[in-house]
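**Student:** Line order of the protein sequences matches chains A and B.
So in the numbering used here the end of the first sequence lands on 437, straight run, no missing numbers.
So in the numbering used here the end of the second sequence lands on 475, straight run, no missing numbers.
I should point out that these hints are in silico values taken from the structure, not numbers from a laboratory.
Quick caveat, the model's predicted, so the values are computed rather than measured.
Among these hints, one or two may not hold up.
[Claimed, not checked] Here are the computed lysine-lysine pairs in the DSS-like style, where the Cα-Cα straight-line distance is at most 27 Å:
id, chain 1, residue 1, chain 2, residue 2
1, A, Lys95, B, Lys223
2, A, Lys8, B, Lys429
3, B, Lys443, A, Lys5
4, A, Lys5, B, Lys46
5, B, Lys223, A, Lys8
6, A, Lys5, B, Lys223
7, B, Lys46, B, Lys28
8, A, Lys8, B, Lys28
9, A, Lys5, B, Lys185
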Amino acid sequence: MNSDKIYKRILYTAFIIIISCPVWSIKMKAMQFDKIQGSFKNTVLVDFNIENWFSADYQRSLEEHIVLNNHLSSIFIRISNQIDYSLFNEVHIAKGFMGKDKYMYEHAYIETYYGRDFVGEEKLRNYVRKIKFVQDTLRKLNKEFIYIQAPGKGSFFPEYIPESFKYGNTEVTNYYTLKKLLDEYGINHIDFRPYFLENKYKSKYPLFTQPGIHWSKYAMALVMDSINNFIEKGNNIDLPEISWDNVDIEYAKYEDNDLGDVLNLIFPISSEKYAYPRLVFEPHKNKDTPKVLMVGDSYLGTLYEDGFYRSFDSTSQFWFYNTSVLSLSFPHKLHKYQLKQLDVLRKSDIVILGCAEHNIEGQSWSFIENVYQYYAYGKTMSAYEISFMKKVDSCKGLSGNEILSTSEIKEISDDQGVSMDSAKTIKWLWKLETGQY
Amino acid sequence: MVFSSILFLLYFLPIFLITYYVTPARFKNVVILVFSIFFYAWGAPKFVFVILGTTFFDFYVVRLMCNSKTSIQKKTFLIISICINLGLLCYFKYSNFFIDNVNYVLSSLGLEYIQWVKVILPIGISFYTFETITYVMDTYRGIHKPLTNVWDYQVYIMLFPKLIAGPIIRYHDLADQIEPVSRTKKSTIDDKLLGFYRFAIGLSKKVIIANQIGIFADEILSKNSADLNSGEAWLGIIAYTFQIYFDFSGYSDMAIGIAKMIGFQFPENFNNPYTSTSITDFWRRWHISVSSWMKNYLYIPLGGNKVATKGRLYFNLWLVFLISGLWHGASWNFVIWGVYHGTFLILERQFLLQLYEKMGQWIRILITFIIVAIGWVFFRLEDFGSACRFIQKLFEFNFVAIDIEARVVCVLIIATIFSFLTATSFGKKVQDYFYFDRYGNVKHTIVFLLLILLLILDVSLISAFGFNPFIYFRF
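Modelling step: build the complete structure from the supplied sequences, incorporating the hints.
**Tutor:** Following this line, the structure appears as structure tokens:
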């Protein structure tokens, strides 16, 4: 065989090797790439059986599943996204976009800054009236209530918002109206927005980042310390201290790059460096560790993730959007309907409710409404909860692998150490909650 | 399973090619058949039994036809075979259309509807029934001997590169390639490499051009015509014109490429149709396998060009195009599309071609392109009323400035270049360089690296298509 033929065979063999790489590269260290970032609906592979084959459900699910779940899907998606970003300045992120100078935003933050999501003073007044009732009732029960207002990135960095998004009224917004009402009704609260704006250029390190949507890691440390001081003063207690002995200066990571990460690019968009305090948590010995129930969005969620709850009793819970339940004493998150929420409330010493500006319109995701109904009228379950649980029960009776596969149920059962029936309930709670059915 | 899917590109194709190459020559057709059946069953798990059953039956009917002693017997078996094949096509593709029209008439007369459960159209039926007809006709006419082995016939029909979207390969074009040992001996490493190149080019046409431009076309064409201005309407239909060409020709390229990789030589299906200087020229360049089929198995049996009168000639042309339109889809819009092209063909024969001769090449190309683009309106907008309103919008000439994304502009430019390039002598040289000229090692290396990069880009675009993650789910 002459050398030309050998060379051509080598080329052709290289082609076969390249197109089969997702199969043979699984174990190769050099071919391990970062996973795809962000939250997305991942197609569940239905069980392979005769019924699913002849209905073509298995084939459809495998074709969809394999796009995002083959070994190299992450790098392929990053290549495509990098090309779109580098050549056309396009980013692919749900509800997000790139502003001026590569500052990343989510649409909701701009909507709220320009008052386009304003729900009206009457609704907010009604809401704050109920907060007042809850606050006063909890005080009678020797519990403290604190409302926390986090700033939004739209308010903090309005200068990077593209011109086409700038319309509305920045004076008539949910934030300003709520602020006025919180003061009017004497709600115990911390409003971090004025502090952030005042210290935007004075702060030693940035309080918001270019590629992140939340307050920076440095800002979180300041916020945690502030809230703890507020709790200590308000309750005359001595909480374990959160401090830091050192600050690392690094490229944006964790929540500081949350939107940047979700762009799924090859090269990061931000070349700036940010501060990462090395937090030190004082031991609980001789300190007060109240039971805290915190209800909030991802802004308060980032505090929870960073160790804010290490100052409190380990049974304290964080209710993320009043739906997911997290606690240092649970190995994994629960759905709120997996536990008796009112029992948790009754056992808590301090109740914290908070959110960023764009989530004011959500009005605590029915938390205040449910607590109000309980304390005012003795209602232990809302109409929504009753109907939701009825739907869960009826869905449990549905069969068919395209609805819920045996492998999904077994995974939960093994993971949470519960029976298959309980696992089915848990799966349906989440499936219905996230709109997957 | 489509060629431009991750499952096909990164799993099915490499597994098939590796299995094919390691299998001894005399068993290679078994590999083709098994993978082809799997390929078809993947998308049509129930209908695969119908196609296997009818091809089995058809093979033996044709064998009986070839062994017949009298011409009446022969003709009888011919008719049986054609009836089976056309019957299948008519039932699965046209029965819904037929019943809908009958019910329309009945309801107009105030009579009761016919109750009918809609039939699902099996994928690829229009293509392989035409191929089975070429088999029976070519053997009937003595153009080629029939196959002796039913499995070879299954290979001919089920050969997956062409099974679901063509090209329609006439039996005698493939007959001498079915025998695996001789096919393997004739197949060279150059064929395999050129096959890969062709496949990669086809995939890029589909993914980089057709898919991207298709999003833009859909955005415009899904709007109500009343909400469009003329500029948008023209952009929309031009985008669709490019989309349909690059999608279809891309798929044909992939089919031809895969076939080449396993030793088959498929005939070309497209030849730069938008460089056509008349509709007559267009139909020599667009979906050549279908026009060739129509010519050999419909137009010529009707008399072709050798009929007694011009009237009869024009009628034959018109009928062929009407049927061609109907073959593309079971809807009056497709019929109208076919008649539209047939009408222009007749007009060209009458006087238009003589008129075109007085014009420059580029004017003729532009006129033909516009005629074809307008015809695509009926193809794309399947509701006749919507199609007419859209065409009206095209000729209102109320142009307003439109904001188009940079990416769309980029793809439109690429599509335009590649659609019209070969109308220039430079373009012809480029085409010859890639498709026809000899490949030395240096050329192989450059083209290989370029197309590997394109392949990676294609897979990346397919993987990322429509992928817009949230930063987090609320729960």
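**Student:** Each hint: holds or not?
**Tutor:** These are the hints, each one checked on the structure:
no.: 1; hint: Lys95(A) x Lys223(B); result: holds, 24 Å
no.: 2; hint: Lys8(A) x Lys429(B); result: holds, 24 Å
no.: 3; hint: Lys443(B) x Lys5(A); result: holds, 14 Å
no.: 4; hint: Lys5(A) x Lys46(B); result: violated, 44 Å
no.: 5; hint: Lys223(B) x Lys8(A); result: violated, 51 Å
no.: 6; hint: Lys5(A) x Lys223(B); result: violated, 55 Å
no.: 7; hint: Lys46(B) x Lys28(B); result: holds, 26 Å
no.: 8; hint: Lys8(A) x Lys28(B); result: holds, 22 Å
no.: 9; hint: Lys5(A) x Lys185(B); result: holds, 15 Å
Violated hints, listed in ascending order, are 4, 5 and 6; each of the other numbered hints is respected by the structure.
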